[in-house]
Amino acid sequence: MFALDRHASFFQHSLRLLPYHYTQTDTTRLALVFFCVSGLDLLGYLPVGDRQCSSKSKITKLDVEHWKEWVYSTCLLPTRDAFRCSPATAVPRSSASSSSSSHFDQFDYDAGHTAGTYFALCTLIILRDDLSRLDRVGMMRWLRKCQRQDGSFAAGLLRSKHNGAGAALSDDDDDNCEQKFGERDLRFGYCAAAARWLIGGDILARKKIVAADIAFDSAFEYIASCISFDGGIAMSPYAEAHAGGTYCGVGALCLLSQRKISTVLADAVVGDLVKWSLMQQVYAELDPESGSEDEIHSEPTSFSSSESPLRSPVVDRPAGFSGRTNKPPDTCYSFWAGGTLAMLELPVTSSSSSSSSSSSSSSSSSSTGSLRLLDIRANIMFLLTQTQNTMIGGFSKVAGTHPDIMHSYLGIAALAMCAETIRQNGGPESFVKADTELDTIASILPLQPLDGALCLSTSALQYAQELRSKWENE
Amino acid sequence: MHSVKRERTSAKAREERRRREAGKIVEYKALVDKVLTSRKNQNYTPDALSLTTTLLKQNPEYYTIWNYRREILTSIFQEQPAETIQSNIDNELQFLFARLMEFPKCYWIWNHRQWCLETSPSPSWKFELGLVTKMLERDARNFHGWHYRRYVVKGMEQATGKSLVRPEFDYTTTKINANFSNFSAWHNRTKLIPRLLNDEPEIDARKFLESEINLITQAIYTDPDDQSVWLYHRWLITSDDIVKLSSEERKDLLTKEIKSIQELLDVEPDSKWCLQSLAFYRCLLTRLTGEAVEPSVLGYLDKLQDIDPMHKKRYEDWKLQL
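Note that the protein sequences, when read in sequence, are chains Y and Z.
453 is the number that our numbering gives to position 453 of the first sequence; each next residue is one higher, with no gaps.
Positions in the second sequence are counted from 1; adding 1000 to them yields our numbering.
FYI, nobody ran anything at the bench for these hints, they're computed from the structure.
Worth double-checking, as some hints may not be accurate.
One-sided and incomplete, this derived list gives chain Y residues near chain Z with beta-carbon spacing under 10 Å [as the list claims (entries may be wrong)]: (1) L18; (2) T23; (3) D26; (4) E69; (5) S228; (6) F229; (7) V269; (8) G271; (9) V282; (10) R317; (11) P347; (12) R372.
To give an idea of the interface, some chain Y residues facing chain Z are shown, with a C-beta separation under 8 Å as derived from the structure [to be verified]: (13) A88; (14) E183; (15) L204; (16) D230; (17) Y238; (18) L278; (19) Q281; (20) R324; (21) N326; (22) L373.
Keep in mind that this is a model prediction, so the values were computed, not measured.
Backbone N, C-alpha and C fix where the C-beta goes; we use that ideal spot for every residue, glycine too.
Required output: the full structure, derived from the provided sequences and hints.
Right under this line is the structure:
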């Protein structure tokens, strides 16, 4: 069974205090906050919006305000045009003499971060903040300046100190004023595309309130250069196709094209992406210890009572998703591959669509794209019986390891998409192999629907759309 | 995320661990404060360097501290002759090696290593190649390793003016012979072949393709359940990056391979990859010849729905598209 309340506890505890082994993720703390807050949103525990909040939730409006303030504390001041990825990089400025010509004295190391900005914006939207405290025009300029010549986006931008500490960015492309830093891969292009949409950057560009939009042609070219021979997308050119890279590439294309993927990707390429993503679903090696820590809830398994899990026929086995060909399944890839499938529709043939609302959804239901093509039941069983931790809550990467925040959130996000797919395709009865499985499959249905492209709840998405309408009419 | 193995712990043990951790957290934060204050005061001394060493051992992901470390080293190097710099860089590379053993997927460690090579008066690319070969032995799928290998090879090529495509191609052969399932090696091979054929125009591309097909066919017969070998086969048969076949030649190649796989299917009638590949290649052939899709393809897809029920809906969808 899906241990909804345990997961809510897990996220709430994590927001208060993190164990020492999270030290290595200290520089991406904003990601962890987003995962917890969005996780609580999907679990129905946040007192935001019009929805009824779970009666078991002890989260108050004051908590919500506190979290918003915490996110804003990572915003760069006085420019308010970008967020850090963590308070850890709010490095005190060294008092450099302006005559110094050393690179390190020239640039301000307290930099904004593309992923941090994406996580911050999502978290604020979920918490129903209207982003009015931000300089959205400045942020659009900042995003544009993160884009490299080859179309990829940098992790962040260092500002020159010579313009004065914390000066606003100009529209000029003067390379001496800013310097891009960080890894070169698809992740930051996704974060930039999402951030641009969330702040209505496309609206600002169209209305010429900001001098220019990001460079579409080179952005598309970079993504295209990451497409691998087997139909998936790699994190960077020359690398192997990777479910995370595929999600980021498709997500960026989806958001940049206003969710009209067919205008930027040929049908054949879409077909290959769907096929590649589906082929990442693989059977798990079963964990003999799964479920044995759970004395309180009795786990109905998907296997008939006379057979041990390891001797059950292949068709009954749980199957999660791997990140690359010939690797074992890992919780988070249920989201990365699932999210990709949610964003892609195979070209419609006369009798193939039994699914879903249109992909340009402004309604409260979400598009499930080609999710109906994967083995939903096996995926749910993998997550619930192999990597879910029903004692302390959360999900782990693989069976037999500790749950962590990222895998917990992405496991839940994947289940939220499965739940919506079930709702849109005949209900839980259509997805079980035996009546004994009904309760297990149905236990995920209380999850809020998730928007695959932005990885947040559809109700948060709706709020974002309301903001955009407001900005459109200004 | 790095996996932390789960153990059964009592409430008492958990409380004890929480108390120990609280102490560790306080210590860590104090160290961070010390390091950042040191930077604020523009302290670029060897003492400052040691401080960063201690902190980076605990948290190599803290990239700001790597930046500070580079500031310190740059400052120290300003006054030093080339041999001393080289010696310091070598120490740095030693330090990084130990970090890599513990954190083989930390981007910032690999990145600092690159900085060392760029700063070194005489970088040893040979040593780096040895290092990355060792890392790939520990984990053949580590894409940081493969990425770094490509960087090192490029560095070597620039330093010597000689192309390394042939030895790199041979390296993928070694990895493949060690384990057919090593998709990273097959993948890298697909990137190297077009360059190899370009660098060595004396190679008969068609003969080369034939020998690769023979290699992959052997691999397929050895392990028909492995996904990697089938994907590589598909690339060989359909790619224009190896040799530009005429439409006739492509049709002949497809026909030949279909026959070859059909023979394997006769011996392994439940092989999902055989059935999938046959269906795919037959459809491809049909598109080239303009003929109608053979009923055998529908037969394959029906059988696939039975033996590969996980992907049942995908095969249903495929049938509808025919």
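E183 (chain Y) as chain Z interface residue, shortest Cβ-Cβ below 8 Å: Hint holds; E183 (chain Y) Cβ to chain Z Cβ min 6 Å, cut 8 Å.
Per-residue hint verdict: E69 (chain Y), partner chain Z, C-beta under 10 Å: E69 (chain Y) check fails; min Cβ-Cβ to chain Z is 21 Å, beyond 10 Å.
Cut-off 10 Å, beta-carbon criterion: hint that L18 (chain Y) touches chain Z: It holds, given that the least Cβ distance between L18 (chain Y) and chain Z is near 9 Å, below 10 Å.
Measuring from the C-beta of A88 (chain Y) to each C-beta in chain Z, is the shortest one below 8 Å? 7 Å, holds
Do the numbers back the hint for G271 (chain Y), that is, is its least Cβ distance to chain Z under 10 Å? This interface hint holds because 9 Å falls under the 10 Å limit.
Under 8 Å is the threshold here; is the Cβ of L278 (chain Y) close enough to any Cβ of chain Z for the hint to stand? Interface hint status for L278 (chain Y): holds (5 Å vs cutoff 8 Å).
Closest C-beta approach of S228 (chain Y) to chain Z relative to 10 Å, hint status: Hint on S228 (chain Y): holds, closest Cβ of chain Z at ~7 Å, below 10 Å.
Taking the closest Cβ pair, is D230 (chain Y) under 8 Å from chain Z? With a closest approach of 5 Å, the D230 (chain Y) hint holds.
Interface hint check: Q281 (chain Y), Cβ to nearest Cβ on chain Z, cutoff 8 Å. Holds or violated? Holds, because the Cβ-Cβ distance from Q281 (chain Y) to chain Z comes to roughly 6 Å (cut-off 8 Å).
Does N326 (chain Y) meet its interface restraint, that is, does its C-beta lie within less than 8 Å of any C-beta in chain Z? 5 Å, holds
Please verify that hint: L373 (chain Y), Cβ, nearest Cβ of chain Z, below 8 Å or not. 4 Å, holds
Hint R372 (chain Y) vs chain Z: min CB-CB distance below 10 Å? Holds - the Cβ of R372 (chain Y) comes within 10 Å of chain Z, reaching about 6 Å at its closest.
Comparing the model with each earlier hint shows violations of hints 4, 7, 15; every other hint is respected.
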